[in-house]
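Enquirer: Sequence:
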Amino acid sequence: MKKIQLMLLIISISFLGCKKRIDDPPSSQPDQMYFPPNNSTAWETKAFTSLGWKQSAIEDLKKFLTEKNSKSFIILVNGRIVLEEYFNGHTPTDTWPWNSAGKTLVATATGIAQQEGLLNINNPVSQFLGAGWTNEPMAKENLITVKHLLTMTSGLDESSDLVIKSKLTYVADAGTRWAYANVFQKLMDVVSVASKQSYESYFNDRIKNKLGMDGFWDDGLIFKIYNSNTRSMAKFGLLALNNGKWNNEQIINPSFFSESIKSSQNINPSYGYLWWLNGKTSYMIPVVKPFFRDH
Numbered sequence: 137m138k139k140i141q142l143m144l145l146i147i148s149i150s151f152l153g154c155k156k157r158i159d160d161p162p163s164s165q166p167d168q169m170y171f172p173p174n175n176s177t178a179w180e181t182k183a184f185t186s187l188g189w190k191q192s193a194i195e196d197l198k199k200f201l202t203e204k205n206s207k208s209f210i211i212l213v214n215g216r217i218v219l220e221e222y223f224n225g226h227t228p229t230d231t232w233p234w235n236s237a238g239k240t241l242v243a244t245a246t247g248i249a250q251q252e253g254l255l256n257i258n259n260p261v262s263q264f265l266g267a268g269w270t271n272e273p274m275a276k277e278n279l280i281t282v283k284h285l286l287t288m289t290s291g292l293d294e295s296s297d298l299v300i301k302s303k304l305t306y307v308a309d310a311g312t313r314w315a316y317a318n319v320f321q322k323l324m325d326v327v328s329v330a331s332k333q334s335y336e337s338y339f340n341d342r343i344k345n346k347l348g349m350d351g352f353w354d355d356g357l358i359f360k361i362y363n364s365n366t367r368s369m370a371k372f373g374l375l376a377l378n379n380g381k382w383n384n385e386q387i388i389n390p391s392f393f394s395e396s397i398k399s400s401q402n403i404n405p406s407y408g409y410l411w412w413l414n415g416k417t418s419y420m421i422p423v424v425k426p427f428f429r430d431h
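Counting from 137, one number per residue, gives the positions in the sequence shown under this note's numbering.
Derived by calculation from the structure, the hints in this document are not laboratory data.
None of these values were measured; they are calculated from a predicted model.
Check before you lean on any hint, since a few could be wrong.
[What the hints assert, rightly or not] Computed list of lysine to aspartate or glutamate pairs in DMTMM-like fashion (alpha-carbon distance at most 20 angstroms, straight line): (1) K276 with D293; (2) K301 with D355; (3) K204 with E221; (4) K198 with E220; (5) K207 with D350; (6) K381 with D341; (7) K416 with E395; (8) K346 with E385; (9) K190 with E221; (10) K360 with D230; (11) K381 with E395; (12) K199 with E221.
[To be verified] Label pairs and their in silico Cβ distance ranges: (13) D325 with S394: 24 to 32 angstroms; (14) I194 with M274: 53 to 61 angstroms; (15) D230 with T312: 40 to 48 angstroms.
Just so you know, even glycine gets a beta-carbon here, dropped at the ideal spot from N, CA and C.
Turn these sequences into a full structure, and let the hints steer you where they fit.
Expert: This is the structure:
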């Protein structure tokens, strides 16, 4: 798997619930949640000194980020930028691939399609992609639902990075096995068919444009991947922090978002709807595979 070098951290002081130290400055009323406008580059900031953060600790953090070959790093507190840094020639306008983090965008778009009545995640994938979208026996293919793609439990062979019919072969019945695989990309096709438009067009209208993100889906060597600047990543993080709500608009149904960040099955409790989860009793990790083994 390609290592993501761009680091992103979204922090809400009220959300963290940190204990107050005796030497902390007197507390004041927390700031109201802020959402940057979606039609400009304006973004409110807040001085980290006003939060009682130590300058020396900030400098140590920057040194650590530089040593780890980070591209950028941003901290928000209640939506306002407290720290924004760029390293190794990366700039605020440069884009960077989201890689695996982009799965959360796909899950969100799928959830929006469901709330609009375009699909039901409990329905078979073949309802949208037609019979024979895999190389499985028909009876096994019909077991695979949209939810199985959201939870990495399709039962399809994960050993190939290529999402083509000849590689989508049977390993186990859907829902009985968890394996991290690229077949989730078929969700983009499901959303496209259900919405009767290209996936990117649907994504742009329902998510990108509402948040004012500056990004695009690019056909990579083996899969479609999202690219954006750092602030666009932070905007989606802010959306997630607010349970799918952006300013006064509920972009993604809160019940679906809540499902997304909870254990989606019992096989790997540390996985939701294409979201990795912390703090669970057990976890499974992706199997590291040789790049382009199929060539």
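Enquirer: Evaluate each hint against the coordinates.
Expert: Against the structure, the hints:
no., hint, result
1, K276 with D293, "holds (13 angstroms)"
2, K301 with D355, "holds (18 angstroms)"
3, K204 with E221, "holds (14 angstroms)"
4, K198 with E220, "holds (10 angstroms)"
5, K207 with D350, "holds (17 angstroms)"
6, K381 with D341, "holds (16 angstroms)"
7, K416 with E395, "holds (15 angstroms)"
8, K346 with E385, "holds (9 angstroms)"
9, K190 with E221, "holds (17 angstroms)"
10, K360 with D230, "holds (19 angstroms)"
11, K381 with E395, "holds (15 angstroms)"
12, K199 with E221, "holds (11 angstroms)"
13, D325 with S394: 24 to 32 angstroms, "holds (26 angstroms)"
14, I194 with M274: 53 to 61 angstroms, "holds (59 angstroms)"
15, D230 with T312: 40 to 48 angstroms, "holds (43 angstroms)"
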